[in-house]
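Using the hints provided, position chain B relative to the given structure of chain A.
Chains as they are written, first to last, in my numbering: chain A, 1 to 158; chain B, 1001 to 1158.
There's no promise every hint is true.
As the list claims (entries may be wrong) - Only pairs whose alpha carbons sit at most 27 Å apart, straight line, appear in this in silico DSS-like list of lysine-lysine:
#  : chain 1 : residue 1 : chain 2 : residue 2
1  : A       : 112       : B       : 1044
2  : A       : 142       : A       : 112
3  : B       : 1089      : A       : 112
4  : A       : 142       : B       : 1142
5  : B       : 1136      : A       : 89
6  : B       : 1089      : A       : 89
7  : A       : 142       : B       : 1112
8  : A       : 44        : A       : 89
9  : B       : 1136      : B       : 1112
10 : B       : 1112      : A       : 89
11 : B       : 1089      : B       : 1136
12 : B       : 1044      : B       : 1112
13 : A       : 112       : A       : 136
14 : B       : 1089      : A       : 136
15 : B       : 1044      : A       : 44
16 : A       : 136       : B       : 1136
17 : B       : 1112      : B       : 1089
18 : A       : 136       : A       : 89
19 : A       : 44        : B       : 1089
Hint data in this document are derived by calculation from the structure and do not stem from the laboratory.
Protein chains: 2
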Amino acid sequence: MYWEDFPPHHVTDCGSTTVSREAILDFARQFDPQPFHVDEEAAKHSLFGGLVASGWHTCAIAMRLMCDAYLLRTTSQGAPGIDELRWLKPVRPGDTLSLRMTVLEARPMRSKPHLGLVQSRWELFNQHGDCALTMKGWGMFKRRDVAAADGLQAQAAP
Amino acid sequence: MYWEDFPPHHVTDCGSTTVSREAILDFARQFDPQPFHVDEEAAKHSLFGGLVASGWHTCAIAMRLMCDAYLLRTTSQGAPGIDELRWLKPVRPGDTLSLRMTVLEARPMRSKPHLGLVQSRWELFNQHGDCALTMKGWGMFKRRDVAAADGLQAQAAP
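Okay, chain A solo, but in the shape it has when bound (with noise of 0.2 Å):
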């Protein structure tokens, strides 16, 4: 999948996960040990009232459902930046997640002609319905009417 296989308005349901509690705690040790992420009882007092995931878990759960609906069989190059990221709910133990990918825009670098930039507003939902998390990102693919240019030229080379 090329740069022009990402046309505005195409959206790609990208399937689900379950969060378990042992992943929550396991990701807040590591990068985020705040009380609410990583002890059950001062998570009871805290403003969530309970055990919630670290946001920027939330955000490494909704790119490997992307890798896995379709990420893996691009041409990505990465992804230069995130605008507008919102943690809207809580994400709780047991919680299951499903990510809904939008193209917002898409046009070719200016910097390098071999790539375009798609922009997506990714919406990860809850089993309830709500939107957990929101952003508008960024990503590079290699362009694949420059690549068939690219074949055409080493044809021609002797």
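This is chain B only, laid out in the frame that chain A set:
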């Protein structure tokens, strides 16, 4: 540390950490198994020219630096979101990353009067002084003045 302890322009240097090849591979295998994050050979032929950390791993590393430097000693109540996250330079095995946090804005929360919002600029530098990651993040903290008022109310109660 309460909301009042994070006035605009307040800067915190959050120390540094070195990222191992194993840590890059572990995170990527779990959350972001794109070839340039998990496959040394494939990474050589990518835009990056070698193995690089997942962008989400880089964010998680910055989070841990902030936790260890000061966040765990605060009244942090979580974070509603992030703006303008940019992965400016790849993070490679052996890189030493240091985080600087600068308060941009601080204001009381309208919806939760006992909390205040703090917007900070995150800047994660590598050992060459290049900024590898930057973002603007909002955090929520308890307000000292409201905590004090609560204390007086508790004393006045029968």
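inquiry  = Need the list of violated hint numbers for this structure, in ascending order.
reply    = Of the numbered hints given earlier, those the structure breaks are 4, 6, 7, 12, 15, 17 and 19, listed in rising order.
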